[in-house]
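Chemist: Residue numbers (our numbering), protein chains in the order written: chain A, 4 to 211; chain B, 4 to 211; chain C, 4 to 211; chain D, 4 to 211.
Just to be clear, a hint being listed does not mean it is correct.
Remember, identical chains collapse to one label, so a pair may be satisfied in a single copy or spanning two.
[As the list claims (entries may be wrong)] With a straight-line Cα cutoff of 30 Å, these simulated BS3-like cross-link-like pairs (lysine-lysine) come out:
no., residue 1, residue 2
1, K76, K18
2, K177, K19
3, K180, K115
4, K115, K24
5, K115, K19
6, K115, K76
7, K76, K19
8, K177, K9
Treat the hints as calculated values from the structure; they're not laboratory data.
All values derive from a computational prediction rather than experimental measurement.
There are 4 protein chains.
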Amino acid sequence: MKAKIKILAFNCSLKKSDPEKNSSTRRLLEECLVAFAEEGAAGEIVHVADYRVEPGVTNDEGSGDQWPELRQKVDSADILLIGTPIWLGQPSSLAKRVLERLDIFLEEKNEKGHMPSYGKVATLAVVGNEDGAHYCTAAVFQALNDLGFTIPPNGMTYWVGEVMGSVDYIHLSKTPKVVAQMTKSMARTSTHLARLLRSRPFPPLPPD
Amino acid sequence: MKAKIKILAFNCSLKKSDPEKNSSTRRLLEECLVAFAEEGAAGEIVHVADYRVEPGVTNDEGSGDQWPELRQKVDSADILLIGTPIWLGQPSSLAKRVLERLDIFLEEKNEKGHMPSYGKVATLAVVGNEDGAHYCTAAVFQALNDLGFTIPPNGMTYWVGEVMGSVDYIHLSKTPKVVAQMTKSMARTSTHLARLLRSRPFPPLPPD
Amino acid sequence: MKAKIKILAFNCSLKKSDPEKNSSTRRLLEECLVAFAEEGAAGEIVHVADYRVEPGVTNDEGSGDQWPELRQKVDSADILLIGTPIWLGQPSSLAKRVLERLDIFLEEKNEKGHMPSYGKVATLAVVGNEDGAHYCTAAVFQALNDLGFTIPPNGMTYWVGEVMGSVDYIHLSKTPKVVAQMTKSMARTSTHLARLLRSRPFPPLPPD
Amino acid sequence: MKAKIKILAFNCSLKKSDPEKNSSTRRLLEECLVAFAEEGAAGEIVHVADYRVEPGVTNDEGSGDQWPELRQKVDSADILLIGTPIWLGQPSSLAKRVLERLDIFLEEKNEKGHMPSYGKVATLAVVGNEDGAHYCTAAVFQALNDLGFTIPPNGMTYWVGEVMGSVDYIHLSKTPKVVAQMTKSMARTSTHLARLLRSRPFPPLPPD
């Protein structure tokens, strides 16, 4: 029997969630979770803007900081999925905020020299009207790899429209086949990798 | 007589300001203001983390959003100076937040087709323990250029230590000569450019 | 009477030029030259792949290196226009090659402390099937700004198709209005800036 | 008995190799191979500038193109190690050249929907006088991940000096402890991952 794999998806949209109205980033993340379910992986979408996530690089920045609750979710996930809209060709400030709050991993190595992220897999979903997905991929994967996550082949899915486009992903009547294919492939490779790393963890690193 | 040029420096440190304790980003920005003063340019440092700057891309995101006050300062400045610490090799989430709040410029073109930034000059000051300054430069200047700012030659100054360094800029007993030189050059080229653009503004753009 | 402004456009396509067949990057660069002509600026397109440009960071890498001929063209231009296709979301290796060959500017400061690029304006034209234009802008402008070029507002024009698109710019029956508009705006702001900087050059920099 | 893992290291220095004189990039790559040997992985360093690698995105660009020989080496490697110097804060044009030549992977999917890179692990070694390693990591890993490689935690090792530094890695009397540690960790995590992926390959992807 295959181990159940747990996903945590951070929706890094700049807007608070709205039960009346779906959004582009949420749509793509929901499609991801459907694809993950087919691989035997399940989890939740956390809408970051609904939480008070203070700037900083510690585990609790005080004064009502709600990051500690999110950090616990990160700790129990096998796969982290960052969902970000594109603003100015780049990931959102909330995506960067989440990455900064994980910076503490660099100081939380265990007796094997592993960060808390060792064995966890990082994936990415990017949505914009036009252009910027590759830049987002570069920025987010570089940060998550520095932070100890493993990145599966074609670890991201994305949608962008034509130059200066004004259509939103949420308004597409159906998901483009290429996007559906990327989403499924991402779910499949990352779940496979997460299972492998759970059954055969990274060996201890050389001592400092 | 030369026109007085106005600088606005955003300190995008993740921490709130502390009157008891200087910080690396603040030190470099203060050095910038001294260099600008020698060029006949003056202004203030705004510590972004001291303000409530909500996520979003409008001029006022409501619920106590203090961006409107900062936006006014942007409007009256000739030179915008973004000061950012490096986290994960990249600009801080607060630097990205400020850039996102300026995204509205794209929709605020006047009758000449100019964004509010036309004629304004963008500069950058980056501080980290080690590595990442060029990445920050790329990300910030790409965004600010998209948003209509003009970028002077060698428009940034920075300090970074050796790989995996643990020294902070604030702890250096004296400012390295190369950094002082970059800071002065940046102040000189950007002030010259701001004066030129004030006396000879960009012509109207072709109508849509 | 307005000074005649000289453009140098580097076509950094990976393919050699083909008189029988136009290409996407060439089409956009030709459109740029038409727009520049309307501003009173003229110049030529140099197809980099037709020249032997050796790897290296000196002015002449020997063994048939044809960079010296191109370097002369750079020296006599007021505006440098880098035209690059997008490969893997990033500028082409030939675009990077050209930038590397300009690295020597850092060591060629004159008695004013100016690199040969001081007073020259940098612009960019990017073409891809889908995504990557902002990443290219970030990479190319960061490098050119380090090298002493001045960057005008909205200094780039680009075309990209929808995610995983397979249409080429060369196959579009007509130029999208948004692209034509970006191209004209780029020509106008950069020519204005080049004229300003020619009539009122940057002052000497502080001595080392 | 553990499977023998094969490494291919591309030295993307801009200079041809010189038997009389070691270089910074080569030194770091040699240190990597020593670290890999301790993990039971072995291979060779290929000095890209010694080969004629034509611009293009096919497997053989003709007219003396020597890429086909290098492509064969890529095909038989389990781990690809890109070694690049930093120029202008970014990877070398030869590193980009190599990545472009691998672009063809996108069209070489087998009956499982896998690119030739599926199951291969990508790693990176970056050397510069000062700054740029994170930018290189972002650019190279984004490209290699698009191309189907898997990226291990902390998949890169690097050395950079202090801002505007002039010391070269090759001149350091001894390897800094932090660099040696990164190199060993990279060798360990990537070899572990390559073994896992060889014994338990990625499942077929969903058909187009």
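Chemist: With reference to the structure, classify each hint as holding or not holding.
Modeler: To see whether the hints hold, each was checked on the structure:
no., hint, verdict
1, K76 <-> K18, "both (21 Å within a copy, 25 Å between copies)"
2, K177 <-> K19, "within (25 Å within a copy, 40 Å between copies)"
3, K180 <-> K115, "between (43 Å within a copy, 18 Å between copies)"
4, K115 <-> K24, "neither (46 Å within a copy, 37 Å between copies)"
5, K115 <-> K19, "neither (39 Å within a copy, 35 Å between copies)"
6, K115 <-> K76, "within (22 Å within a copy, 34 Å between copies)"
7, K76 <-> K19, "both (19 Å within a copy, 27 Å between copies)"
8, K177 <-> K9, "within (28 Å within a copy, 44 Å between copies)"
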